[in-house]
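Using this note's numbering, the letters of the sequence shown map in sequence onto residues 1 to 183.
Note that these hints are calculated values from the structure, not bench results. Some hints could be false.
The following label-pair restraints were derived from C-beta to C-beta distances [stated by the list, open to error]: (1) E84 with S177: 22 to 28 Å; (2) G100 with W62: 32 to 38 Å; (3) S177 with A154: 32 to 38 Å; (4) L121 with G33: 32 to 38 Å.
Ideal Cβ positions, reconstructed from N, Cα and C, are used throughout, including at glycine.
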Amino acid sequence: MATIPSPLSFTVRLFGAVALDPEAYEDVESDPGATGQAALVVILSSLAAGIGARTPGSGSVWNILWISGVSLVAWAAWALVTYEIGSRLMPEPDTRVDVGQLLRTIGFASAPGLIRVLGVLPGIAVPVFAVSAVWMLAANVVAVRQALDYTSTARALAVCGLGWVLAIVLAVVLGLSFGPTVS
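Required output: the full structure, derived from the provided sequences and hints.
Quick look at the structure:
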């Protein structure tokens, strides 16, 4: 009698996502119960951005919440654009996905963003944010490849890259238009 594998624990999924393990993303994709966990990862990653981006003297709660909010909105915009591009404009013949599957996988792909909290350490905010951005992009490529059942990593990279650029533009426009002024 074959055993049915149980879903991975939250911690194992988190470390698998950070390690870019396709099996962790497959596990999350197939488990509708992981939606709350994926949302938690996105929220914590956004909060890490807000905390890590604060500068000495400007670490007010408002600034932290603002940056966290912009990070969250940018993620949501990126997720929507990724879904539209990946499922409608660039699907492969075997692409079968619903919004929940994609949101769960790319939610966990935000896990490398948790290191952004280290930006509070003097002098390392820029390198920490740069490393986390590239790491999150790589995680999203794996997540999208798994969720959209792509056989081509290049196709997943094209979908993610385009969505990433659009999300960054949105975050910059929001930040410049509505963000706190820096003197």
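Each hint, compared with the structure:
At roughly 24 Å, the beta-carbon separation of E84 and S177 lies within the given 22 to 28 Å, and the hint holds. Against the hinted window of 32 to 38 Å, the Cβ-Cβ separation of G100 and W62 comes to about 33 Å, which satisfies the hint. About 35 Å separates the C-beta atoms of S177 and A154, a value consistent with the hinted range of 32 to 38 Å. A hinted range of 32 to 38 Å for the beta carbons of L121 and G33 is consistent with their spacing of about 36 Å.
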